[in-house]
Structure formats: C-alpha cells, structure tokens
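**Student:** If you want the building blocks of each chain, they are given just below.
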Amino acid sequence: MGDQLMNWLIAVLQTTLFVVLAPLLAGWLKWCKCHLQNRKAPSLFQPYRDLLKLTNKQPVVAEQASWIFMIAPYIIFSATVLAATVVPLIAVNLPTSASADVIVMVGFFAFARFFLALAGLDIGTAFGGMGSSREMTISSLAEPAMLMAIFTLTMTASTTNLSFAIAHVLNEGLVLRPSFVFALAALVLVAIAETGRIPVDNPATHLELTMIHEAMILEYSGRHLALIEWASQLKLMLYGVLIANIFLPWGIAETFGVQALGYGLLAIMGKLALLAIFLAIAETLVAKMRLFRVQEYLSFAYLLGLLGMLSHIILEASR
Amino acid sequence: MSSSNWTTDFLSLLSRDITVTRIDTSPVIVWQIESHAWQRFAELAMLQNLRWAAGWAEQAQNRFLINSCFEKQGEYVLLRASIDDANPELPSQATVYPAANRSERHTQDMFGIRFIGHPDNRRWTRHQAWTENSYPLRKDFPVQGTPVGITAPDMHYPFIKSHGAGVYEIPVGPVHAGIIEPGHFRFQAVGELILNLEERLGYVHKGMEKIAEGRTPESLARLAGRVSGDTTVGHCWAACMAMEQASGVVIPPRAALIRGILAERERIANHMGDIGAICNDVAFVFAQMQFTRLRELWLRTNATVFGHRLLMDRIVPGGVACDLSEASCSLIKKDIVELRKELAEVILALDLNSSLEDRLYTAGFLSEDTAAAYGTLGYVGRASGQDKDVRRDTPYPPYDQIKVKVALETQGDIASRFWVRYKEIMAALHMIEDFIDQLVAGDIRSEWQMPASGSEGLGIVEGWRGEIVCYVRFDADDKIARFYPRDPSQLNWPALEKLVLNNIVPDFPVCNKSLNGSYSGNDL
Chain A
1 MGDQLMNWLI AVLQTTLFVV LAPLLAGWLK WCKCHLQNRK APSLFQPYRD LLKLTNKQPV
61 VAEQASWIFM IAPYIIFSAT VLAATVVPLI AVNLPTSASA DVIVMVGFFA FARFFLALAG
121 LDIGTAFGGM GSSREMTISS LAEPAMLMAI FTLTMTASTT NLSFAIAHVL NEGLVLRPSF
181 VFALAALVLV AIAETGRIPV DNPATHLELT MIHEAMILEY SGRHLALIEW ASQLKLMLYG
241 VLIANIFLPW GIAETFGVQA LGYGLLAIMG KLALLAIFLA IAETLVAKMR LFRVQEYLSF
301 AYLLGLLGML SHIILEASR
Chain B
1001 MSSSNWTTDF LSLLSRDITV TRIDTSPVIV WQIESHAWQR FAELAMLQNL RWAAGWAEQA
1061 QNRFLINSCF EKQGEYVLLR ASIDDANPEL PSQATVYPAA NRSERHTQDM FGIRFIGHPD
1121 NRRWTRHQAW TENSYPLRKD FPVQGTPVGI TAPDMHYPFI KSHGAGVYEI PVGPVHAGII
1181 EPGHFRFQAV GELILNLEER LGYVHKGMEK IAEGRTPESL ARLAGRVSGD TTVGHCWAAC
1241 MAMEQASGVV IPPRAALIRG ILAERERIAN HMGDIGAICN DVAFVFAQMQ FTRLRELWLR
1301 TNATVFGHRL LMDRIVPGGV ACDLSEASCS LIKKDIVELR KELAEVILAL DLNSSLEDRL
1361 YTAGFLSEDT AAAYGTLGYV GRASGQDKDV RRDTPYPPYD QIKVKVALET QGDIASRFWV
1421 RYKEIMAALH MIEDFIDQLV AGDIRSEWQM PASGSEGLGI VEGWRGEIVC YVRFDADDKI
1481 ARFYPRDPSQ LNWPALEKLV LNNIVPDFPV CNKSLNGSYS GNDL
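Those protein sequences? They're chains A and B, same order as listed.
Heads up: the first sequence begins at 1 in our numbering, then just goes up one per residue.
Heads up: the second sequence begins at 1001 in our numbering, then just goes up one per residue.
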C-alpha cells in the first residue's frame, strides 16, 4: 500500500515537473534562436515572467463572448496537463501512464483543440474563424499521420501503452529498426505542425492574416491567455518528450529510487535541450511554407508513417 | 531623351480637336485647355502613350485651376483648365486613366469639384473629421479646421459587397498588430482565395497641403521632409527643386552632389529595411536580423556624417545644410566597401534558400499591362517591366553627370521586386562613390531670391519609392500659395489591389510588404 502511494506521488511529481519545466524549454528554444540570428537573447526565465505578468493582468473579454470563450482556457490547460500524465517523463511504469495509453493522449489533444477552435469562432471575429478553420484543416491531416507513426512503434512493442512500449525498447537494447527511423521522421514532422512551429506556423508573428494558432487566441488576454500560452508550451514539451523517450529512452528511471529519478530528470533535460537546438536550427534555416503546401507536408509525414508500418511488417514482424 | 520631342507632333494632332494655349511665362511647360475638353485630351493622350503622372487643383480668385501632369519620354507637360467656382465641374480623366481615380476623388473631397463620369465617386480622403459640405482646401476654410471634439468613427463607408455561398469578408485594420501606419483592408475571400481587396486609406490625413499655405520656403522644406518619414530626402528635394525653379535659384554643383549622396543613402537604407521585412513576413527571421543590422550601421554613419539618422532637413532651399569633410568622405567610402562585402555574403544565403524561393517566386504577380495602366512607379513598376527612372529619363543635377543604371525585372512577382531593390542598392553604392569622386570645392548653398507673386515650379525627383512630383506656387512676399506633393505610393497602392488577386489570404502580408506603399505620403 505504501509502495502504491509512493508511486502515485512520483506520478504527481512527474506531471508537476512537466508543467513547471515547460516554460523553461520555451525559454531555451528562444535563447537558441536568438543566438542563431545574431541577437541578444532574453533570459531563460522570460517565459515565466511573461506568464506571471499575464496572470496579474485583468482579462478583457469581448462583449459577444459566451461561456465557451470563458471556460476554454481552463479546459485546454487541464486537457493538456492530463495528456502529460500519460507520457513518461523521468520514469516508466508509473500508475498514471500505466492506466492510459497513447490513444488517450491523442484524445486529450483533440479535446483541447476542439475547444480552442470553438473559442476562436465564439467571439465572431474574422481572424478567430480563419484560425479555427486552418487549425482544423491541419489537425485533420496531422492526427492520422501521428497515429500511423505511433502504431508502428506499438506494433513492435505489442502495446499501445507508452510506458510499456518504452520499457520494451529499453529491454531490447539498441537495435536499428528501419520502421523506427521512418516513424521518428513522421513524428518529428507531425510535432512541428501540431505545435505550430516554422515552417507550418510562426508563433512569433504579428501578421494576423498569416496566423493559425495565434489567430484563434487573438482575443484572449490576462490569465486566460497565460493558461493558453502555458498549455502550448506544455504541448511543445510533450512532443519533445515523446520523441526523446520513445526513440532514445536510455536514462529514464526504471526504479523509483532518488538517484534513478535524478538521472532520469537530467537525461530528459539533456535530450530536450538537444532537440530544442535542432528545432532552433531548422527554424532559422527555413522560411514558412505557403499555407497550401501544408497538406503536402503532412501527407509526406503520413507516407513516412505508412512506410514505417510496412517495413515493420515486411522486415521485422517475422522475427 | 527629349530630343525626339513628341510635344510638337502631339500639339498639331490636338489642334484638330482642342485649342491649347501655351503659357510661356512659367518655367514649367503649361498647356491650358477648355474644361469641357478635359476628358477628350486624356483620350488623345492615351492614344499617344502619354503617362498620367499627377493631378491636383488650386483656388485662384473665383476660379479653380485643375492640373494634370503628363509624361512621355522624360518630358513633362502640365495640363491646366480653369473652371468657375460657382459650378465647379469638369469631365473626369479617370475614365481614361485609372491612375487618376483616387487623385480626382481627393480633389473632389478637398475642393468640392465634381468630376463628371468618374467611375467611382465615393469619398476618399474625407472620413468624419469635417462635414460633408465643407472643403478644407478652399481658401475660406480655416487652417485649424472646425474641430467638434472627438472625430466620429467612420462607420458607413460604402464598401464593395460580394454575395454567394462561402464568400466571407475579412476586415483588417486600420490598427494593425505590428508597428506600422494605419490603413484598412477589406477582403472578400472564398476559403483562402482572395476574390477582391479594397483599400480604405486616409487615416493619416494631416492636412499637409493646407498647413503649407503661407509658409516661407525654409519652413516648406521642413514640412515637405515630413510628408512621409522614410522619404524625407526625396520629398524635401522635390519641394526645394520646385521652389528653386519658381524663383530661378540655381544650386551650386557641390550642393547638387551632396543632395545626390543623401538621396542614394536614403534609397539604400530603405531598400535594406524592405528586403529584411519581406523575408520576415515569410518567417525567415535570420534575413531580417541581418538587414536590420546593416541598415542600423548605415543609419549610424548618417548620424555621424550628416547629423541625422534619417537625413531630415539636410536639404534646404538653395542647397544643402551640411557639408562633407574629407574625413567624412573616406568614412562613407570605407562603409561602402564593408557593406558590399557583407551584402554579398547575406544575399548568397538568401538566394540559395529554396524555402524562401518557394514563397517569393510567382507570388503577388503584377502583369506589365496592369503596371502600365495604373502608372506604377519605382521598384514596383520596374519589377513589372516599366523601364522608368527620372534620374535617367529627365536627369537633374547631379544625375546629369553620371550614367544611371536602371534595374529592371519582368517577372512581376515578389521575387522581382526583391531583386530590383537589391540591384538598386548596388547601383546606388556606385553612384555615391562617383558623387564623392566628383565632389568639387565651393559653396553648398546659393543666395535665396524672392520669387514673383504667382510664380510656380514643378519638382520631379526619383525618390526611393519612385518618381515624386511636387508642385509649388508662390504668393506675394515669399509665401507659399499652393503645395502639392505626389508620393509614388499614390500610384502604387491601387496596384496592390490587383496583384493580390488569385493569391491566398495568408500571402497578403508579404505581397503588401513587397510593394510597401507609404500611408502618410498617400493621405497627405
């Protein structure tokens, strides 16, 4: 019973870490981008200051806004936090990640997005509706590609549970699987689209007409905006952890000792820092795509996922 | 270029239809015609490929003088008609020249002159700051206006509507998210495809023409330098050139060379800013950072050498306000060498970037025909095959001393406008070097002579956005009676409505940036 309680505590701790560290990752990403552009970077902790600043401000709500607009930030934030409970950050075999699988995680994302799109439509501005329409178009293409990539992984591990799948990869040791390479590439492409990064969306733009994610949240302010910003930072980190821990799980804690958990934390922070550097370099090197190229981009991600699946069936399944 | 001299042939052609009185007292070529022949002249001018360059009106005693400026082969002619102010109307030229459309609407709002047959006579410059039946540029309208507290919101402008399933409207502005000037854009779109764009400008109307009245030449030059902040050298030069023409003042050669250096420095600074901004609009921030840095260094040299980052008020009636020392010349030359080296590196990185290429090529296409029909100027026109440049076609000192290479592209897309800018930077760097090499010792300012009452002048220079036309008429005692600056933006803005068609909504910002019209210069 004591063990059980301890496990739950660690699970809560892991989710808390997710929530607390997400702005730091955003700050680090920004820091890397600034340096790649020959600029002075803001402090790594700037995202925390921004969130604090927004929280202290009074939210201004449009007259036409309904209850959907008011509750959407809370729903989006909670759904993203719940998605974070499913993904192993520093340890595997925790009760939260054992109780739900990857499809639940995708479900949470879809749930958050549904309310975000509704909120964009709710206040009736042209930009909000435009953003919602674009977001739904992109997600309808990104979700199948993402599931395809993850199914490839789960077929190898014979489970849709992320925790078990990661444990499986750990036990297998370093084996070069073509299917994993394809799935990794697909997942990276999807992650960039889903988290609204360049070349799909530009989180730093002020040009309303080009926005996707930002267009939906243009009318938000104060703590509402803070929650949404925090949720998107969390989402970025979630995808980072997903990529890092599924494909390179080494370092993650398999036992719940303090030392193992500490190493687990260091390992994931190192991996995320490295991923962020790659993302920053990619974002510096390419311009944003024309909006009508995004479906080609996501079709390519889907194709990679499919190739991963095929190579699993043809090359790996017989073993 | 004027050696071909089309004017004689054209006048004899006109004589069958229209009586033209040549006014020879003016230093400007003025052809006065009867007001009823106003449109007929435009039709004949169109047949002879004359370009409509500018249009404005002025009030004189009980009459209005209506002016249109035409150009062909580098020679400018001012067409004039005089109408009675009891019944101020004349046939519209906008039916023939679409370029004259907004100009006539501006005149209609400011003077209450009706242009018969105008294809679109909705109000343009007038929002709600003054009432419907008062006309700010008439002499009986007070300079301070008739303010009645807070200006009412401009709610009921009759925008063009569209109907049908799936068509929706996107109103954008006048207040934008970026730090830019105010202007309203009304889109009609199906999905992401732009069906129509309508611009609604006039939000930065400052009454430039009205507050110019009664100023001294010195003070007008300062005002002209504020028509559009990024074109301060261009407008200031055009206004000074017009005043100098009216008074017969000839500027010293050294002053002309320094003016040339100032104008080319302004061109380079703005083009660098624009190239970076175009890249930023497609989220290629690296380029923007580099070009912002290069522009900043360039502006700092401006501050060191000329005492002002944007070169405001460096040009004064009769010459320039600042001299160039030997040390300054060598600093400028050293800067140019460094800038060339840096540009070569950065531009290569942009040229080789296929993701950038994918965004800039074929987007925002403006055909040669449309560009010609709307009389688009500067880099917008030159990217669509309009081979026009005042510095080469109607050379004024110091450009009459050197060979001006005009950058030309024919693709008409954003990439063309991007490359025209780059080529113009390179050409301008050469010109600055040439001007410095030619710099002769001497005065930098001529003595001002008071012009006769009623004398007029037309200043035409190639600003960084393109041809600037500036008209000045003097009153008695060295006072300004009429000042009209025509910024190239006035003719380039309508081209934006055309070049975004068949593009998608999210590509509008980069299309707009590739044109980069001035709101202030347009609204006056």
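It should be emphasised that the hints constitute simulated quantities derived from the structure, not laboratory data.
Treat the hints with care, as some may be off.
Partial selection, computed: residues in chain B whose CB lies under 10 Å from chain A [unchecked claim]:
1) L1044
2) Q1048
3) V1167
4) P1171
5) L1356
6) F1365
7) D1369
8) A1373
9) W1419
10) P1506
To give an idea of the interface, some chain B residues facing chain A are shown, with a C-beta separation under 10 Å as derived from the structure [claimed, not checked]:
11) M1155
12) Y1157
13) I1170
14) I1179
15) H1184
16) A1189
17) V1190
18) G1191
19) D1281
20) V1282
21) F1286
22) R1293
23) C1322
24) E1409
Every value quoted in this text rests on a predicted model; they were computed, and no experiment measured them.
We put the CB at the ideal spot given by N, CA and C, even for glycine.
**Student:** Each hint should be assessed against the structure and marked as holding or not.
**Tutor:** Hint check:
Because the closest C-beta pair between L1044 (chain B) and chain A is about 43 Å apart, greater than 10 Å, the hint is violated. Because the beta carbon of Q1048 (chain B) sits about 42 Å from the nearest beta carbon in chain A, more than 10 Å, this interface hint is broken. Evaluation of the V1167 (chain B) hint against chain A yields a violated restraint, the C-beta minimum of about 13 Å exceeding 10 Å. Using the Cβ-Cβ criterion of 10 Å, the hint placing P1171 (chain B) at the interface with chain A is satisfied: the shortest such distance is roughly 6 Å.
Because the beta carbon of L1356 (chain B) sits about 5 Å from the nearest beta carbon in chain A, less than 10 Å, this interface hint is met. A distance limit of 10 Å between C-beta atoms decides the matter here; for F1365 (chain B) the minimum to chain A is near 14 Å, and the interface restraint is violated. The criterion of a C-beta within 10 Å of any C-beta in chain A is not met by D1369 (chain B), whose closest approach is roughly 26 Å, and the hint is violated. The criterion of a C-beta within 10 Å of any C-beta in chain A is not met by A1373 (chain B), whose closest approach is roughly 27 Å, and the hint is violated.
Hint status for W1419 (chain B): violated, given a least beta-carbon distance of 16 Å to chain A, over 10 Å. The closest approach between the C-beta of P1506 (chain B) and any C-beta of chain A is roughly 4 Å, which is under the 10 Å cut-off, so the hint is satisfied. Checking M1155 (chain B) against chain A: minimum C-beta separation of about 17 Å lies over 10 Å; hint violated. Against a cut-off of 10 Å between C-beta atoms, the interface hint on Y1157 (chain B) is violated, since the closest Cβ of chain A lies about 17 Å away.
This hint holds: I1170 (chain B) has a C-beta 4 Å from the nearest C-beta of chain A, less than the 10 Å allowed. Interface hint status for I1179 (chain B): upheld, as the beta-carbon distance to the closest one in chain A is roughly 9 Å, under 10 Å. Annotation: H1184 (chain B) was flagged as interfacial toward chain A, and the flag is violated, the nearest CB pair being 13 Å apart, outside 10 Å. Interface hint at A1189 (chain B): satisfied, since its Cβ lies 9 Å from the closest Cβ of chain A, which is below the 10 Å cut-off.
For V1190 (chain B), the interface hint is violated, since its Cβ never comes within 10 Å of a Cβ in chain A; the closest pair sits about 12 Å apart. Residue-level restraint check for G1191 (chain B) holds (minimum Cβ-Cβ distance to chain A is 8 Å; threshold 10 Å). Interface restraint check for D1281 (chain B): the shortest CB-CB distance to chain A comes to about 6 Å, inside 10 Å, so the restraint holds. Checking V1282 (chain B) against chain A by beta carbon gives a least distance of about 4 Å; that is within 10 Å, so the hint holds.
Residue-level restraint check for F1286 (chain B) holds (minimum Cβ-Cβ distance to chain A is 5 Å; threshold 10 Å). With 10 Å as the threshold, the beta carbon of R1293 (chain B) comes within range of chain A, its nearest partner Cβ sitting at about 7 Å, so the hint holds. A hinted interface residue such as C1322 (chain B) counts as satisfied when its beta carbon comes closer than 10 Å to some beta carbon of chain A; here the least separation is about 32 Å, so the hint is violated. At a threshold of 10 Å, the smallest CB-CB gap from E1409 (chain B) to chain A is about 20 Å, leaving the interface hint violated.
The structure fails hints 1, 2, 3, 6, 7, 8, 9, 11, 12, 15, 17, 23 and 24 (numbered hints given earlier, in ascending order).
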